[in-house]
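Undergrad: Order-wise, the sequence lines are chains A and B.
Following my numbering, the residues of the first sequence are numbered contiguously, the last one being 737.
Following my numbering, the residues of the second sequence are numbered contiguously, the last one being 737.
It should be emphasised that the hints constitute simulated quantities derived from the structure, not laboratory data.
Source: prediction; values computed, not measured.
Don't take every hint at face value.
Copies of the same chain look alike in the list, so a pair counts if it works inside one copy or between any two.
[What the hints assert, rightly or not] Below, computed lysine-lysine pairings styled on DSSO-like, alpha-carbon distance capped at 30 Å: (1) 295 x 548; (2) 105 x 277; (3) 515 x 492; (4) 515 x 346; (5) 277 x 515; (6) 116 x 277; (7) 105 x 417; (8) 548 x 277; (9) 608 x 582; (10) 290 x 116.
Protein chains: 2
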Amino acid sequence: MSSFSSTTNTPTKNTTPTTPPFNLPTKHPVPSDIQISKDLTSLGLPPISSIASSLGLTPSEFIPWGPHKGKVTLSPLTRLSSTPHGNYVVVTGINPTPLGEGKSTTTIGLAQALGARLGKKCVACIRQPSQGPTFGVKGGAAGGGYSQVLPMEEFNLHLTGDIHAVGAANNLLAAALETRMYHEACQSDEALFRRIVGKNGFNRVMIRRLEKLGIEKRNPEEFTDEEKGRFARLDIDPSTITWNRVLDVCDRHLRSVSVGLGVNETVKNPAGGDRIQHDRTTGFDITVASEVMAVLGLTSDLTDMRERLGRMVVGYSKSGLTVTADDLGCGGAMTVLMKDAVMPTLMQTAERTPVMVHAGPFANIATGNSSVVADKIALKLVGEEGFVVTEAGFGADIGAEKFCDIKCRASGLKPKVAVIVATIRALKMHGGGPQVKAGVTLARVYTEEDVGLVRKGCSNLVRHIENMKKFGVQVVVAVNRFKTDTPLEIEEVVKIAESNGAYKAVMCNHWAEGGAGAEDLARAVVDAAKVVKEEDFKYLYDEGLTIKEKIDVICKEIYRAKEVTYTALALEQIATYETSGFEKFPICMAKTQYSFSCDPAAKGAPVDFEVKIREVRACAGAGFLFPIAGDIMTVPGLPTRPGFYDVDIDEDGEVVGLF
Amino acid sequence: MSSFSSTTNTPTKNTTPTTPPFNLPTKHPVPSDIQISKDLTSLGLPPISSIASSLGLTPSEFIPWGPHKGKVTLSPLTRLSSTPHGNYVVVTGINPTPLGEGKSTTTIGLAQALGARLGKKCVACIRQPSQGPTFGVKGGAAGGGYSQVLPMEEFNLHLTGDIHAVGAANNLLAAALETRMYHEACQSDEALFRRIVGKNGFNRVMIRRLEKLGIEKRNPEEFTDEEKGRFARLDIDPSTITWNRVLDVCDRHLRSVSVGLGVNETVKNPAGGDRIQHDRTTGFDITVASEVMAVLGLTSDLTDMRERLGRMVVGYSKSGLTVTADDLGCGGAMTVLMKDAVMPTLMQTAERTPVMVHAGPFANIATGNSSVVADKIALKLVGEEGFVVTEAGFGADIGAEKFCDIKCRASGLKPKVAVIVATIRALKMHGGGPQVKAGVTLARVYTEEDVGLVRKGCSNLVRHIENMKKFGVQVVVAVNRFKTDTPLEIEEVVKIAESNGAYKAVMCNHWAEGGAGAEDLARAVVDAAKVVKEEDFKYLYDEGLTIKEKIDVICKEIYRAKEVTYTALALEQIATYETSGFEKFPICMAKTQYSFSCDPAAKGAPVDFEVKIREVRACAGAGFLFPIAGDIMTVPGLPTRPGFYDVDIDEDGEVVGLF
C-alpha cells in the first residue's frame, strides 16, 4: 500500500506520451483545491492549444478561449469516421453519502494515471458543474487534491458559457409560451393569423407546423377560417404545461411561483366586467435540469440538435395535441443560442491529461452523464490503443444504468469497463453506521477501524458489481482512500469485491498523489479492457418492450424491488405516451441516489420494497420518459451559511475561497 | 452629395493605418445585415489578435476567444498611465422614432471613416446588446449595412458572456436575500450566529459587516446576545426591498410575480396554528437593467468593482439600516462571477477598425452608456492624435447628459466633440408628421419631400445642439441619410444646424457605403476637435448641490420644464438619501426617450411642462440616484410575431434570420 508522498512523483513508463513528461510536485498535507490549482497553474500550464494539437486536433478543429480552455469543433467526427476508436471506460459508484465519494476525483486521477503514468493516449470526459452547488453546499466539481481539472476556478465558473446558453434557450421558450397564451387570450384567430404570418408568408418554422397539422396549402390567402384558427391558435391547456423557467442558482423560493401579476398582464373578461389578471402558477428549475441540457447531453450534432429542440413538448392543446417548441416558432432560435454550446470544452488535468467538459444534465430527472458528442470525439482522438474515461452521475443504480441504457443507446458506443468507486466511509454507512450529514462532524466509527461494519456494508457494493455485469462490461472496484482508512478495512473490501465478480479491486490514493496514486487502478482497467470485447456489451432491456415492462425491468433487475405500483395519473400518462410515439423511448428513472430503493434511509442492499411511480413525464426532444418515484427536487436550497460567503478576490485580484 | 456606390471604395488617405488597407466591396441594393456580415467574414477577416497587436496591445494584454473576438485586460491602463490620450468623441441623437435613427450605425461608420479612410488611429466603443430585443422587436445592435461590427451573429448572441455573468451575480444576490429572510424567520439569533460564523470565525466579508456595525470584537466567544443578534439578524423589511431577479429575455409575465409558494417554503406561525407560507410579491427585470450592469459600466477596475458590488443596497432593515450585498455575504462571490466581465471585448468593424464592446446598462433606469474602462483603455491605445468614438444611448437629453454628468464624472475623461445624429424621418415626426410605429407602413409624408415639415422639426435638433454646447463640447450634426431623403431636405437641416451653434452639419451615407459614406463627417469631427480644448468641458451641475437642486437643473436646463413636482414618497426618499451618504451622487433620470418632456407624444421642442417625480431610487454601488418620471418598464414584451420566428440554422449549420 502506498504511503503519502511529499516528494515529486516520477512516471514509471511513458511510451507514447500525449503530453510532455511532467513531474507532479505534491505537498503534504494536501493544500486546498484552489491552492493546488493556483500552485500548478503558476508553474506554467502548457497552453491548451498544445494539448489540443498533441491530441491530434487540427488548428481549425480547436478554438481557444483564452490560454487554458477552448472549444473542440465536431469535425473530427467526420475526419476520423473510418478510424478505429479507443477503449471506453465509465466511472460510477456505490450509493453515496451526502458528502460524495470522489467519483469525479477518481475519473481525473485514473485519466492522469493512464496518461501521465502508463503513457496511454487518454481523455477524461466530465460534466460542467452547475453554479448552484458551487456557491451553495457542495463546492466545485473539478475533482480534488492532486487529481483535478485546471484551472479549477475557470472550470467552476462560467467556463465557455454552455450552461448560460442552455438557460437562455430554455427561457426564450418559456417567454414565447407565456406570451403566446396571453396574445391568444387577447386576439381573434384572424388577427393572430395575420400577425404571425405577416407580409412574407410562411417561414421555415411555420412550415413545420403546417406539416404537423397536415395542411398542404402554402398561400395564406387560400386559408379557410378553420385552417387559420388551427394554425394560429395553439389553444394551450395551462394545466398540461410542463415547461419551467430556469436559473443556475439555488433559489428555493422559485420552486413554485405565480407569474403575470403586473398591471399590464390583464385580459378582457369573456364574461364581461373588469379585465382579469392573466396569471399562472408555475415554477423554476435549476438550469441543468432543463430539457435543453438533456438534449445537449444526447445530441449527435447541430442538425440533430435543431430537430430535438424543435420537437420538445411544452404542454398540450385543449384537444390533446402536443405543443412543441417549433409550434411556438422557437426551435431555430434556441438552436442558434446553442450553436457554440454543442462543442465540448477542452481543458487539462493537474498532469496535463486532456479533459473534455461538456453538458451537465441533472442526474435525478435526466441522465446525469456528460455528452455523447464529447465521448465520441475523444474515442476517435485517442485511437484504438487509447482510453476515454467518462463519468456517470449518482450511484451505479441510476447513473451507470442510464449511461448504458440511454446514453450508449443514443450514441451506439459500447463501454468495456465500469469502475465502481467505493469509500470505507460509505461502506460503513451501508453497514449500519450513523447518518452522515454535510456540515456535521463524522461519528467516531467513521474514523476508527471497524472491519465488521465495512464487511456488512459491502452488500451495497456487491449488488452494484452484479448489476454492472448484467451489461456485459468488466467491473473494476476503486477504493478511494481516506487517511483514516486502515489496511485491514481496505483488504476486506478488495477480498469481497474480487470474490463477487469484480475483475479486480484496488485501493487508490490519487487525491493525495495524483496519477501515481491511481497507477494500480489504471493497470487494472487496462487489463480488464483486454479480457472483454465491445460485442459483449448489452442493454438491460429492449426498447420495444412496453413502457411498464421497461420500468419493471429496471426496478426489479437493478433496484431489486418486489413490485412497482402506479398512481392513476401515472397510468393515464403512460397510456397517452404508448399511443403518441413516445413508447419506444428508454426510461430515465427519477429516484433518490442514496439507496437502491426509494427510501434514502434504506442502506446496504434492501429487498422486498415497492417502487411507487407517482408520475411519468416525457422529454420528447431528449428522447426519454422519466417516471418519478418519490420527491424530486429541481431547485436545491442554500444553507444558512452558504459557500459563497468565503468566495472573494484577494489584494492581487486572485480568486479565494472556492473549494 | 454622394450617390450609391456599387463598386469598391478606395481610401483617399492612409497616413498611419491601424490595420492593413482594405477596400470594402459594397453591393447595391444593400443586402441584409447578416448577409453582409457573412459575405465580409467569408472574405477572410483579419484574426482579432492582429487587430489587437496593431492597436498596440501586448500579447499578454489580449485574450482571444476564438478567431473573431477576445478580452482586453486592464493592464494597458497602468502600462500607459503616463502616455497622453486621444480625442474623445461621443455620438448621441435627437429624440428618436421607435424605429431608431442609426446612432450605432453612425458610431461604427464614423469610426470606419476615421480609421480606414482618414488613416487615424481609432477605436469605437459600444454597448453589448441584450438578447431580449435581439429576439423580440428590435433585432441586433451591431450597427447596420456596411457600417457594422463583425461577425454580427457573435456580437448579438452570447459574445464573451458578460451579460450572463451580470445575471448570475444579480441572481446569486437575490437568492441570498430571499433565503436569508427565510432562515431568519425559522431560527433564533443564537442559531443564526452559530451557523453563519461557523468553526472558522469571522471571514473577510463578515468583518466588513462588523466594521459597518461598529463592533470591534473579533472573537465570536466574546459576543453578547445583543451583538450576536445585531450581527446575524439583518431583519429586512420586505416592503423596502428594491432588488429584483433578472433574465435576459422579453418575458413580460415576470414583471410582477409571487415567489415562495412551494410546500417547503413555509415557516412556523408566530401566532400559533398551521405553518404559514413564506411568500413575497416581487419582480424580474431584464438583465441589462440590473445594478450589477450599471456598476460594470462605471467601475474603474476589479478592486473598485469589488467595493461597488459589496455596497449595493438591496433594502433596509426594520430599524432603517441599509442592507447591502456584503451584509448578505455576497460581494466577493459576485465579484468573482464578474472577474472576466470587467475586461472589454475587442471586435472589428466591416473595415477592420477596432471596436470595444463593453457593458450595456439600460438607458431608462441607468446610464445607457458603454463602459468607462473600455473608453479609458481605448483612449490610451489610440494616443494623442487618435480618436475614440463612444456611443450614448437614447437621445441627447438623456444619454448624452448622463454621459457627461455621470460617466465622465466617474472616469474623469473630457470629451471634445458630440455628434448628434438626426434623420429626416425623425425631424418630420417632430415637425408634426403622423405617428411612426414599428411594423406599420410609414405614412407618405415620410417618403416624399416636405421641406417645411423638416424645418419645423428642426426645433428638436436645435435644442439638442444648444444643450450639448452647455457642456463645453463642439457639436457636429450627422444627417443619417435614407434613400427617400431629398437634397433640399438635407440642405435645410444643414443650414439650420450650422446657424444654431453646430460646428458643422453633414450628410452621411455610411449604411450603404461604409466609411466612405462618413468621410465628410469624420473630417468635420477631426476639425471640430482642433478648435476645442479638454479644459472647456464642464458638467451641467455641481455634485455638491442638493438632490432637488440637481434634479431641477437637469429638468429646466436640458428638458426645459417649467416646474418639477414630487410625490410624497419621492420627497421622503430624497430626505432619507440626503442624510445617508447618497447626497453627493449624480442624478440618472428615468424618463421617456421620445420627448424632451415626460409625455412621449410631445414632439419638437415642448415648453412649459411639468416633470413629476414619482419616486427616487438609489444605486449605491453604481453611485447614482434615479428619479422616476413617468412609467418605466424594465421588461419589454414580445410582439405576437417576435423576431425569433425567423432565426434558424440553414442546411450548412449557418445562422439565418438575425437582423
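Undergrad: Run every hint past the structure and note whether it holds.
TA: Status of the hints after comparison with the structure:
1. Taking CA atoms no more than 30 Å apart as the test, residue 295 paired with residue 548 passes in neither setting, with 53 Å inside one copy and 62 Å between copies.
2. With identical chains, the CA atoms of residue 105 and residue 277 are at most 30 Å apart between copies only, with a shortest distance of 25 Å across copies and 69 Å within one.
3. Taking identical chains as interchangeable, the C-alpha atoms of residue 515 and residue 492 are never at most 30 Å apart, the minima being 37 Å within one chain and 59 Å between chains.
4. Proximity of residue 515 to residue 346 under the C-alpha cut-off of 30 Å is restricted to the inter-copy arrangement: shortest distance 24 Å between copies versus 53 Å within a copy.
5. Proximity of residue 277 and residue 515 under a CA criterion of 30 Å is satisfied inter-copy only: 16 Å between copies versus 62 Å inside one chain copy.
6. For the identical chains of this complex, residue 116 and residue 277 are inter-copy neighbours only, at 25 Å across copies versus 58 Å inside a copy, given an alpha-carbon limit of 30 Å.
7. Only between protomers do residue 105 and residue 417 lie at most 30 Å apart by alpha-carbon distance; the minimum there is 29 Å, versus 42 Å within a single protomer.
8. Taking identical chains as interchangeable, the C-alpha atoms of residue 548 and residue 277 are never at most 30 Å apart, the minima being 59 Å within one chain and 47 Å between chains.
9. Taking the shortest alpha-carbon separations for residue 608 and residue 582, only the intra-copy value of 13 Å comes in at or below 30 Å, while the best inter-copy value is 81 Å.
10. Proximity of residue 290 and residue 116 under a CA criterion of 30 Å is satisfied in neither setting, with 55 Å inside one chain copy and 32 Å between copies.
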